[in-house]
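Asker: Listed below, chain by chain, are the residues.
2 protein chains.
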Amino acid sequence: MLAPDQLRDAVERYLATLELAPELGLLEGPIRYALEPGGKRIRPILCLAVAESAGGDVDEALPAAAAIELVHTFSLVHDDLPAMDDDAERRGRPSAHVVFGEGPALLAGDALLAEAVRLALTYGTTGIARELVEATLGMIGGQHRDIAGETEDSTELQALKTGRLFTAAVGLGLGVARVPEAEQAPWRAFGEELGVLFQTVDDILDADGVVEELGAEAARGRADDAAARARARLEALPADTAVLRELVDRLAERTV
Amino acid sequence: MLAPDQLRDAVERYLATLELAPELGLLEGPIRYALEPGGKRIRPILCLAVAESAGGDVDEALPAAAAIELVHTFSLVHDDLPAMDDDAERRGRPSAHVVFGEGPALLAGDALLAEAVRLALTYGTTGIARELVEATLGMIGGQHRDIAGETEDSTELQALKTGRLFTAAVGLGLGVARVPEAEQAPWRAFGEELGVLFQTVDDILDADGVVEELGAEAARGRADDAAARARARLEALPADTAVLRELVDRLAERTV
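So the sequence lines, in the order shown, correspond to chains A and B. Under my numbering, the letters of the first sequence match residues 373 to 628, in that order. Under my numbering, the letters of the second sequence match residues 373 to 628, in that order.
These are computed hints drawn from the structure, not numbers from a lab. Be careful, since some hints might not be right.
[What the hints assert, rightly or not] Not close to chain B: a few residues of chain A, all C-beta gaps over 10 Å, as computed: (1) E522; (2) V551; (3) P552; (4) D621.
[As the list claims (entries may be wrong)] Interface residues of chain B toward chain A, partial, derived using beta-carbon atoms under 8 Å: (5) L398; (6) L478; (7) V489; (8) T497; (9) A501; (10) T508; (11) A520; (12) G521; (13) L532.
Predicted model, so just to flag it, every value in this text is computed and none were measured. Cβ atoms here follow ideal geometry from the backbone N, Cα and C, with glycine treated the same way.
Next up, chain A with everything else stripped away, as it sits in the complex (with noise of 0.2 Å):
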């Protein structure tokens, strides 16, 4: 079994090297900016790490795994222009529009979207992708609540926006596994947990979310009821996951 650096060099490595369409041309420049290095890669590494611990191939798993990066990237690249959040900086970067204009921005982002689509239908059935793109589908609908202002129901809101593609990484790492569908649900709720784990916590490291609503002890204290769920969840899989326990406790600690 791969430790989750490991797991995270493989993810790099492929990522550098992806070939993206020739027609691209020259916006390979802001969707290969867009795609370096600097994030923490946790949904293609929890995508690989269940794809292992499911007795899977890791080499296998990675066009998903970069397919669910490539999406998170375009995610962020939107994000990011001045329609939407109008952020500046990524990563302690300039922003892939602040670099490249946001006409190209815009196309970049397109363009990962289309091909992560491209690296999911590599695997020769309709299932991978068709997971991805139902994932970014709900992801698109929680940003859309989030700058409409529909934010009341915070847990919604955090379930489309992080919760669908952590699961989506989780269905990837099954699909590629092979895992039948009746066995999945145990695992894709392990994902949903890990996902609002890391979603609240980014809440209390950039204080506001969460910890703007309910206070900072209350956030604090659902991220380790989120934890402690994750693991339970793991525990009760028929499977070596002390990879994803690892994961699980990183998320739980990390500090940035």
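The hints should help you fit chain B onto chain A, whose structure is shown.
Answerer: Below, chain B alone, put in the same frame as chain A:
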């Protein structure tokens, strides 16, 4: 064989009742607005006519035809944004971002692309979706060349911006009709000629593009040549291509 107007009605009915992912919530507003009747629907009509000419079933081809139209609509919504062409009007109405705001229009475009892929995946095989996303990537590459000012080679630019979706419309029709790949080349060549015809007439009606480059007379000559080659392609096909022939005539003679 259904006539172009009947095919168009079938497309309108299908799009009007198309079910969107429920998580999109209120984003359905700008998505439906962008999809409302008013466009020529030439790409989906082409897809349906090719499917029927090639021995396939129109109803079976409708999801693929709609997927092509959704990709086209996604590209229009994003193209109209201030970050791109900054067009306040589309088909005589206010653009989506003027009515709903830039953020919702951006997300509506993203959702249209994802929904297009979801439609393409309903066929249970990966071929339809793969052709759709590969054409989409080519189109995005063309859009980037356009905004980056890489417009010296107008033939290549139009082959990407317009041609790729036209050829995909043909390819999807063939895919639904299960035409073996070895027999597809002459059909696809027809699609390319039709794309050149469509775009050249567009430039003539707008007095830009190839008209600016070569003058009005040369542009008309290019359109007539493309129409003649498209008709010749049809005549060489072992199929009833009367409806496709009518499409060529309409595109050659259109004044809007």
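Asker: Does the structure break any of the earlier hints, and which numbers would those be?
Answerer: Failing hints, ascending: 1, 12.
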